[in-house]
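Chemist: Here is how the chains run, residue by residue.
There are 2 protein chains.
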Amino acid sequence: MSAEFAFIDRLRALATHPAARALDDDAAVLKLGGETLILTHDSIAEGVHVRIDTDAVDVAWKLIATNLSDLAAKGAEPLGVLTSHALGDDAWDAAFAEGLRAVLDRYDVPLLGGDTIRLPEGATRVFGCTAIGRATSDPVPARSGARDGDALWVAGSIGDALAGFTLLEAGGADDGPLTAAYLRPRPLLAEGQALAPLASAMMDVSDGLLIDAARLAKASGLAAAIDTATIPVSDAARAVLRGREDELLRWGDDYALLFAAPVECEPPVPAARIGTMVDGQPGTVRLDDAVLNPDAIGGYRH
Amino acid sequence: MSAEFAFIDRLRALATHPAARALDDDAAVLKLGGETLILTHDSIAEGVHVRIDTDAVDVAWKLIATNLSDLAAKGAEPLGVLTSHALGDDAWDAAFAEGLRAVLDRYDVPLLGGDTIRLPEGATRVFGCTAIGRATSDPVPARSGARDGDALWVAGSIGDALAGFTLLEAGGADDGPLTAAYLRPRPLLAEGQALAPLASAMMDVSDGLLIDAARLAKASGLAAAIDTATIPVSDAARAVLRGREDELLRWGDDYALLFAAPVECEPPVPAARIGTMVDGQPGTVRLDDAVLNPDAIGGYRH
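Sequences listed follow chains A and B, in order. Letter by letter, the first sequence follows residues 1 to 302 in my numbering. Letter by letter, the second sequence follows residues 1 to 302 in my numbering.
The following block holds chain A by itself, in its conformation from the complex (with noise of 0.2 Å):
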């Protein structure tokens, strides 16, 4: 992956721009007006960031509610996407269009263009989307402004995605809670509006907890304490995924928010506390009495 790195390096030599954020956040955060724009872009591939026989309806959701994810984490209202699709059958193409239908609807996200591209015969297709947003808070929460002795929280669940990406693999059906919770992830947006006033840093749990962790310290300079008795695992997740604990710190995909805040403060959403933002070498973790440096913590880098 260090080529990828190279590349990004490359990239953020030319995104010096303040609102790229120098390319270290989950999303670009642009003044216009009175108002602060929060973009995004991520695409999806098939066979690489969904399973090859993914259905049509749960790619295009997976496609929305990751970027939406994206605007959560800034504590972002949305304003709209535009999609990238490369048409596939017609079939899986109206299937898609469906899927779309169902999570623009369900956020109550309007569709606003995009393209289409007809890529030749067995090429991996690429979906792409970019979310717009309008920040609620000022300033935008961003992954580096923990302070040491802030309270480290997760608003959701950790490894619901792993458990039904288990069953998945066991041939288990589509329609559980944690099926649903690995194809069609929960954007938190009403979470992160609520969060975005009073963290002082946040992020989504995307690439693994450990390795999300590790960029929020890094970016703040500090190292993060984790206590793991004290993650939100789901009894029906912790029942699939037993002997496999340390698995689901180093999975993504199961878009819940990571955010540092004042110890005296108390979320108004749900939420665990899992640890300390503390002095130390920036980027480390400990993890109850281990100490993890960030190369050697694994989780979906990208």
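Only true hints are included.
For identical chains, the list gives no copy identity; a pair is met inside one copy or between any two copies.
Dumping the calculated SDA-like pairs for lysine to any residue here, alpha-carbon to alpha-carbon at most 20 Å:
1) K31 x D108
2) K31 x E77
3) K31 x R134
4) K31 x T136
5) K218 x N293
6) K218 x A290
Worth flagging that the hints you see were computed from the coordinates, not collected in a lab.
Use these hints to put chain B onto chain A, whose structure you have.
Modeler: Using the frame of chain A, we list chain B on its own:
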């Protein structure tokens, strides 16, 4: 291509927000506070939208420039771009980043964010760009505003890109003005901003002059009468394309601006009057003495 149109119709059914302009325009037009945002997204795929052996620098240029051209067509001032990048080999990606730097510097546009993905070995790489701008005129010109009797104009040249492509196909060097017109198109941003206040309708010519004129006419519920002799073709392009004059009307990639304006208006930037908007079957083009049905026009449809 009918499958593509069927899918776009499905998207259109979802895109009911006025900002989406029913997916019939070059860009979305979103009011926010006292500003009006212009938003567009287009992807290009290697071997589909650019020749497979195109230099990485030129791929990057074209990706950004074509999206900026959509902003130009709405008279917008660019605020920034987000990109989506499918990784190649390191040298190619480094050259791509240099191309991004060149085009973004040239038009003074910040890189705000985006993502990178790693596709499987051998996959067709896809590159996406979302361009964000702010409107400089109110109303923002649409394709649909032309009125019966308006003059129809082109700012920029038609045919340079086809001539450049022809030279490249014949093994020519890639450093002349015609090949540059094909490889590194110029978005007419200043021209678009100058024209927006007086244009009753405007769009960029990306798919071919005739098909794009038909679209503007159809959106406006009118026909377009065009006098071939008045179409602005450079002497250099004319020399390359001798005997193929018909083709240059059906070839895209020029990124000229096509606009309608009341006959009494004198454009504030160089432009050629190519015809008149007239009453008639919406979307037909009267080319000299011939009446062209939109379905018979040809051009690059997407």
